[in-house]
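All chains should be modelled from the sequences, with the hints used to inform the complete structure.
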Amino acid sequence: MIRHLVLFKLNEGVERDDPRVVAGVQAFEELGALVPELRSWECAWNISERPIAYDYAINSSVEDTDALQRYLEHPAHQAGVGQWREFATWVIADYPF
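Residues in the sequence shown are numbered consecutively from 369, following our numbering.
Quick caveat, the hints were computed from the structure, so don't treat them as lab data.
As the structure is a computational prediction, the values presented were derived from the model and not from experiment.
Check the hints yourself; a few may be wrong.
To be verified - Calculated pairs, DMTMM-like style, for lysine to aspartate or glutamate (alpha carbon to alpha carbon, straight line, at most 20 Å):
| id | residue 1 | residue 2 |
| --- | --- | --- |
| 1 | K377 | E397 |
| 2 | K377 | E417 |
| 3 | K377 | D462 |
| 4 | K377 | E454 |
| 5 | K377 | D423 |
| 6 | K377 | E410 |
As the list claims (entries may be wrong) - What follows is a list of derived Cβ distance ranges for each label pair:
| id | residue 1 | residue 2 | range |
| --- | --- | --- | --- |
| 7 | D385 | E431 | 35 to 45 Å |
| 8 | Y463 | G381 | 31 to 41 Å |
| 9 | V390 | D434 | 32 to 42 Å |
| 10 | D432 | P387 | 33 to 43 Å |
| 11 | P464 | D385 | 36 to 46 Å |
Beta carbons: idealized from backbone N, C-alpha and C, even for Gly.
Below you can see the structure in the form of structure tokens.
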């Protein structure tokens with residue numbers, strides 16, 4: 369199994385209630401049911417107020433690296449990424465478990 373972990377940081381001046389952010393969150397909340405390769409899917413706002421904390425997280429798993437590639441190429445994933453590019457940056461870790 370492969371864990372796919374993504375941490376998002378909203379760009380300076382962008383707030384959670386920005387309509388673009390609301391739409392991006394909705395796209396990611398729906399993504400888990402749209403991509404058959406996903407074995408688990410969690411996404412949520414961070415509750416930590418520490419200054420080094422990121423704002424939003426995705427924690428998911430897939431069977432193997434081929435499944436990860438299919439997930440990354442899935443049209444629904446690509447659409448969500450396109451939305452988030454407008455208002456956030458992110459870091460990613462993919463690791464076996």
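Hints, one by one, checked against the model:
no. : hint                    : verdict
1   : K377 x E397             : holds (17 Å)
2   : K377 x E417             : holds (13 Å)
3   : K377 x D462             : holds (18 Å)
4   : K377 x E454             : holds (12 Å)
5   : K377 x D423             : holds (5 Å)
6   : K377 x E410             : holds (17 Å)
7   : D385 x E431: 35 to 45 Å : holds (36 Å)
8   : Y463 x G381: 31 to 41 Å : holds (33 Å)
9   : V390 x D434: 32 to 42 Å : holds (33 Å)
10  : D432 x P387: 33 to 43 Å : holds (37 Å)
11  : P464 x D385: 36 to 46 Å : holds (37 Å)
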